[in-house]
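If you're matching positions, the sequence shown starts at 57 in my numbering and goes up one per residue.
Don't read these hints as lab results, they were simulated from the structure. Check before you lean on any hint, since a few could be wrong.
[As the list claims (entries may be wrong)] Label pairs and their calculated CB-CB ranges:
#1 116 to 223: 41 to 51 Å
#2 279 to 182: 19 to 29 Å
#3 141 to 279: 44 to 54 Å
#4 210 to 297: 33 to 43 Å
#5 254 to 282: 13 to 23 Å
#6 179 to 139: 29 to 39 Å
#7 178 to 237: 39 to 49 Å
All C-beta atoms, glycine included, are put in the ideal place defined by N, C-alpha and C.
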Amino acid sequence: MNGSTSCDRRLDRPTHDDPFERTGTTVKTRLRRKRVLRGAGVAMTLGVTALLSATLPAEAYNGQGAATYADAWALGRNGNYPIFTSDCANFVSQAMHQGGGFSYIGQNRSSTDDTLWWASWSAASGFRWSHSWSVAQDNFYFLNATYPGGWQQGTAPGSASYYWTPDAVVTGDLLYYDWQSDGSLDHVSMQVGWGTDPTSGWSGNYVDQHTNDRRHAFWSLRPYNSQWASTTIHFMHIDSRNR
């Protein structure tokens with residue numbers, strides 16, 4: 057499977073059946089929504105593991121901590137979270153939460169409300185999650201719809217081969233990929249540092265991702281993306297005030 061077909065939102069389903077169906081909405085339409093203040097309450101989970109119980113607020117979102125988690129799990133799966141056949145958004149959500157200290161919002165409430173972001177486990181129902189946790193486009197909506205959330209930092213073409221992402225995009229931030237530049241985001245990765253991509257040999261900022269699983273891949277995915285000519289990349293800085 058090449059890099060451009062790996063995490064289409066229409067294929068973003070768990071290894072078990074996803075009980076939720078969604079209606080598609082373009083980025084441009086959904087971004088007209090007003091940012092809303094994000095609740096900071098901590099909810100309880102009946103999970104069998106502490107990793108899926110509500111996390112106590114961190115001092116601030118820790119991008120380096122998120123990147124450390126991403127590096128540890130870029131080529132593997134953490135069984136304490138749901139696992140998807142198309143796993144890109146689930147992977148960065150884990151890194152944001154478990155590594156970066158970004159607290160769940162509205163845990164075990166609506167799965168389709170993109171102002172909420174959560175995953176949980178219970179003996180009665182197994183794993184549950186919000187679309188904003190598991191789907192790249194909904195994850196993008198979540199960071200745009202909440203405060204402090206995230207801040208868009210422009211776009212780049214899929215053909216980009218220059219070393220650096222925008223200055224405001226730092227370790228632990230997210231890159232979203234629209235393979236067809238049609239306003240529907242298909243894939244997400246996390247920026248984790250800079251150096252040389254060990255697979256392609258390209259140098260610059262690099263990312264970790266799932267589906268396809270890559271560790272320290274050149275940020276634009278140009279060496280891997282068969283649809284690079286039609287791809288648009290959206291940059292998202294995650295506000296450090298998220299707790």
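I'd like to know which numbered hints this structure contradicts. Please list them from smallest to largest. 1, 2, 3, 4, 6
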